[in-house]
Amino acid sequence: MLILSRKKDQKIKIGDDIELWVVDIRGDTVKLGIQAPKHVKVFRQEVAEEIEAANQAALSSSVDLPFPDVEDKS
Amino acid sequence: MTLQTKAYGPMEIEQSQLLEFPEGILGFEGYRSFALIDAHKKPFYWLQSTEETRIAFILIKPSIFHENYDPGITLEDLEDIGAPSLDDCLVFSIVTVPEAGPMTANLQGPIYISKKTRRGKQCVSPRDEYKTKHDILEEMASRRE
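Here the protein sequences line up with chains X and C, keeping their order. Counting in our numbering, the first sequence runs from 1 upward without gaps. Counting in our numbering, the second sequence runs from 1001 upward without gaps.
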């Protein structure tokens, strides 16, 4: 793994069209700006993992829906 | 066509109910073809894989239990499903009914389906206020207050 040190306002370029920018550093939190083409998916790793875990849990749902009937007014 | 469904066994499915998910669902990228089926119980739907019976998700429209849901998804995010506008899309949350505990909906990873192209995808909301487990009944109750 390549490890680089950057200061506030400095950037890293990945390939021709991806740019990471250190917007702010406060305490143990780094704020990053990310410029990437539309087809490159960018999201926090734990968010993607949480959604996958939620999808997995959803699959084991009971097929009986314990829910009062509600009209869809939307 | 007749489709074997997880919830209701064999069902007659119309062509208009068939959807393509070019990227699948997060964690289930291998399944691309689904049918949208009204659940016997309102206001739920089933997103049933046409390839594998056990792959079926319960869906609900977020507007039913969550006021002013705006996950911050833009038309750019929906480019790969060819949605002509945000208004063209149906938006759903995947529901989890655990053995114990409250039924929850995932507002962080909404399902967008273009009515025009009949393609769908699971988006990732960039907004921190949306979690993977929103208590549906609790939020409904607090809306009525």
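Derived by calculation from the structure, the hints in this document are not laboratory data. Keep in mind that a hint or two might mislead.
Here are some chain C residues pointing at chain X (derived, C-beta under 8 angstroms) [unchecked claim]:
#1 Lys1006
#2 Met1011
#3 Gly1024
#4 Gly1027
#5 Phe1028
#6 Arg1032
#7 Leu1036
#8 Tyr1069
#9 Ile1073
#10 Glu1076
#11 Glu1079
#12 Gly1101
#13 Asn1106
Quick reminder that beta carbons are idealized off the backbone N, C-alpha and C, glycines included.
Verification of the supplied hints:
Contact between C/Lys1006 and chain X, as hinted, is supported at the beta carbon level, the nearest pair being about 6 angstroms apart and thus within 8 angstroms. The interface hint given for C/Met1011 is violated, since its Cβ lies 13 angstroms from the closest Cβ of chain X, which is over the 8 angstroms cut-off. A cut of 8 angstroms between beta carbons decides the hint on C/Gly1024: the least distance to chain X is about 10 angstroms, and the hint is violated. With its C-beta approaching chain X no nearer than about 4 angstroms, C/Gly1027 sits inside the 8 angstroms limit, and its interface hint holds.
For C/Phe1028, the shortest C-beta to C-beta distance to chain X is roughly 6 angstroms, which falls under 8 angstroms, so the interface hint holds. Residue-level restraint check for C/Arg1032 is violated (minimum Cβ-Cβ distance to chain X is 15 angstroms; threshold 8 angstroms). Because the beta carbon of C/Leu1036 sits about 14 angstroms from the nearest beta carbon in chain X, more than 8 angstroms, this interface hint is broken. The interface hint given for C/Tyr1069 is violated, since its Cβ lies 10 angstroms from the closest Cβ of chain X, which is over the 8 angstroms cut-off.
Hint on C/Ile1073 is violated. Least Cβ distance to chain X is approximately 12 angstroms, over the 8 angstroms limit. At about 6 angstroms, the closest approach between the beta carbon of C/Glu1076 and any beta carbon in chain X falls short of 8 angstroms, and the interface hint on this residue holds. Look at C/Glu1079: its Cβ gets to within about 6 angstroms of chain X, closer than 8 angstroms, so that hint holds up. Violation of the interface hint for C/Gly1101 is found here, the shortest Cβ-Cβ separation to chain X being roughly 11 angstroms, above the 8 angstroms cut-off.
Because the smallest distance between the Cβ of C/Asn1106 and any Cβ of chain X comes to about 5 angstroms, under 8 angstroms, the interface hint for this residue holds.
Violated hints for the displayed structure, listed by number in ascending order: 2, 3, 6, 7, 8, 9 and 12.
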